[in-house]
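So the protein lines, in turn, are chains A and B.
Going by this note's numbering, the first residue of the first sequence is number 912, and it counts up by one from there.
Going by this note's numbering, the first residue of the second sequence is number 16, and it counts up by one from there.
Treat the hints as calculated values from the structure; they're not laboratory data.
Values in this document were obtained by computation on a predicted structure and should not be read as measured data.
Heads up, a few of these hints could be off.
Unchecked claim - Output of the computed footprint for chain A on chain B, the stretches with three or more beta carbons under 8 Å from beta carbons of chain A:
(1) 31-43
(2) 121-127
Unchecked claim - Okay, derived cross-link-like pairs now, DSBU-like style, lysine-lysine, Cα gap no bigger than 30 Å in a straight line:
(3) A:LYS922 - B:LYS48
(4) B:LYS126 - A:LYS1027
(5) A:LYS997 - A:LYS973
(6) B:LYS59 - B:LYS24
(7) A:LYS922 - B:LYS168
(8) B:LYS132 - A:LYS938
(9) A:LYS951 - B:LYS188
(10) B:LYS57 - A:LYS1031
(11) B:LYS89 - A:LYS990
(12) B:LYS89 - B:LYS118
(13) B:LYS132 - B:LYS188
(14) B:LYS118 - B:LYS24
(15) B:LYS24 - A:LYS922
(16) B:LYS168 - B:LYS114
(17) A:LYS973 - B:LYS57
(18) A:LYS938 - B:LYS126
(19) B:LYS188 - A:LYS922
(20) A:LYS973 - B:LYS48
(21) A:LYS973 - A:LYS938
(22) A:LYS990 - B:LYS60
(23) A:LYS963 - A:LYS951
(24) B:LYS57 - B:LYS89
Unchecked claim - Simulated coverage check for chain A against chain B, where a stretch passes if three residues somewhere in it have a Cβ under 8 Å from a Cβ of chain B:
(25) 970-982
(26) 992-1006
(27) 1012-1019
Think of the CB as a built atom: it goes at the ideal place given N, C-alpha and C, for glycine as much as any other residue.
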Amino acid sequence: MENILREGSAKTPAVSFDSASGILELKGRSIPENSVEFYKPLNDWIDSYGSKPCSETIVDIKLEYFNTSSSKCILDLFKKLEYINKQGSVVSINWYFEQDDEDMEEAGEDYQAIIKLPFKMIEVEEI
Amino acid sequence: MYHTLEQEKIILSFNGVVTADFLTAVLDIVETKMNHLEEPPKTKKKVFNVLVECLQNLYHHIDEGKGERKEMRKYKSVLVMVIRDENNFFIQTGNYIDKTSVKNLEDRLKKINSLDKEHLREYYREVLGNGSISDKGTAGLGMIDIARKSGNKLEYEFLEIDKDFSFFSLNVKID
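Same shape as in the complex, but just chain B (with noise of 0.2 Å):
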């Protein structure tokens, strides 16, 4: 464990249930760690701005499952990690997901992985003008917006959990 603190430098791990006060303390936590770290500002506003739209998505995203269950709560369970290593920033985030979702969430990712730079823009612009928003006020552009600030394809895996719920791990590298 003090290797993984020294060699992979967490800023911050969180493994709990997302309520909007639990989201405003971890993006202050954050910012706070962040401001004492000797990066350039353009470095610590994108990683800044990733882990928001990565927040927000589980936040508007956990309870679109379905029925009562018992143990509901743990589904409703989200983990967070920021790290950083000597070269990159890694924003990682896991959550349960409705298995109805998975194939929707994939195919998303997917396209968004099969575009370049300049394909993404014109993608995001195109949601951007065309897209509705929704009650939550989610417009569907954040996995796109996350792409495009990382710079980099987003590392993505769902696994089987039981024959309600996949688990989502989503592994973000930011330049």
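Bound-form chain A, shown alone (with noise of 0.2 Å):
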């Protein structure tokens, strides 16, 4: 399957997705106004990739700050991926967050508290 590979832009996050390699990442900022039309194609990308996953599965979450439209469709990815860790892919999801920033660090806690994935939390200077 074709991975996907997006530069960030000032409303939306890098997003590289790779299915051969098992390692999906978001990195950036995530606000804009439809979150939908955004995140669509990737919960659709996993829903492929989970037809035929690897063994491990790698979700590096590097995100400065997200607008609440967005944190549902990020909620809806984890499930997604909760659902993949179920049918046999080890999935683990690193959140990353900069230093001295709570808010993030408790968004990473709020979705660690729904989601039945493993969580790493990791303090980096900057994203």
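Both chains are given apart, each in its own frame, so use the hints to dock them into the complex.
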């Protein structure tokens, strides 16, 4: 299947979904007015990836910040990964946040409370 | 006016119709201006974040007014201000709202203001986990998120304008 490789913009994150390595990355900011439009192709990709996933799937979330419209779409994305995890691919999520950014740290913990996947919280100087 | 400019430091003040292009422009301006301020990155991020939610709230809900009115354009106008005093940032917005929507919004604001930090967080998780997403891509999380990030109670007011519309003002203080 085709990989997704997108550059980031002022309102949308850079995306790198690689089906061969099983590494999925979102990086930057996610504040589009209508996030459904942006995230639908990503979620569709995960659906197809789920039919033939790698034995291990690593998800790197390196978001500076995201709006509430994106938060729902990101939850949907995690739910799809939760399903893939049940199907046999070992899925883990690396949640990056910038030093002292409690809001993003808490946002990661919020997902962790809802989603049954292992989350690793990683504090970095700059995303 | 000079006094206001010097004392309160208006970072942005706008009165007009909200379009997607307008949102992009405003965020761009505020971000550039904030970059020049000597504030902790954490604060700048919070202000920007809350502003995004406030503006997108306006953008998504501004066209909910019913019926065709000659002076419709007036009712699509909004007021947005970003102000800084010695201690805090303030984001203020004002917009017309269909009278039939007042009760629902007021109830939500009352509920949000009645919750402390931890309960607000629980409420956010509940709405995130259970709520569905609208066609507009909104998730009913905007005001909760604004309250959480601001760390303060939301100040608001509804002013009756005519038989169809009220004016909704929101003042968000950011620590």
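Going through the hints against the structure:
no.	hint	result
1	31-43	holds (count 5)
2	121-127	violated (count 0)
3	A:LYS922 - B:LYS48	holds (18 Å)
4	B:LYS126 - A:LYS1027	holds (29 Å)
5	A:LYS997 - A:LYS973	holds (24 Å)
6	B:LYS59 - B:LYS24	holds (15 Å)
7	A:LYS922 - B:LYS168	holds (28 Å)
8	B:LYS132 - A:LYS938	holds (28 Å)
9	A:LYS951 - B:LYS188	violated (35 Å)
10	B:LYS57 - A:LYS1031	holds (22 Å)
11	B:LYS89 - A:LYS990	violated (43 Å)
12	B:LYS89 - B:LYS118	holds (22 Å)
13	B:LYS132 - B:LYS188	holds (15 Å)
14	B:LYS118 - B:LYS24	violated (34 Å)
15	B:LYS24 - A:LYS922	holds (27 Å)
16	B:LYS168 - B:LYS114	holds (23 Å)
17	A:LYS973 - B:LYS57	holds (16 Å)
18	A:LYS938 - B:LYS126	violated (34 Å)
19	B:LYS188 - A:LYS922	holds (24 Å)
20	A:LYS973 - B:LYS48	holds (25 Å)
21	A:LYS973 - A:LYS938	holds (5 Å)
22	A:LYS990 - B:LYS60	holds (28 Å)
23	A:LYS963 - A:LYS951	holds (19 Å)
24	B:LYS57 - B:LYS89	violated (37 Å)
25	970-982	holds (count 6)
26	992-1006	violated (count 0)
27	1012-1019	holds (count 4)
When each numbered hint is compared with the structure, violations occur for hints 2, 9, 11, 14, 18, 24 and 26.
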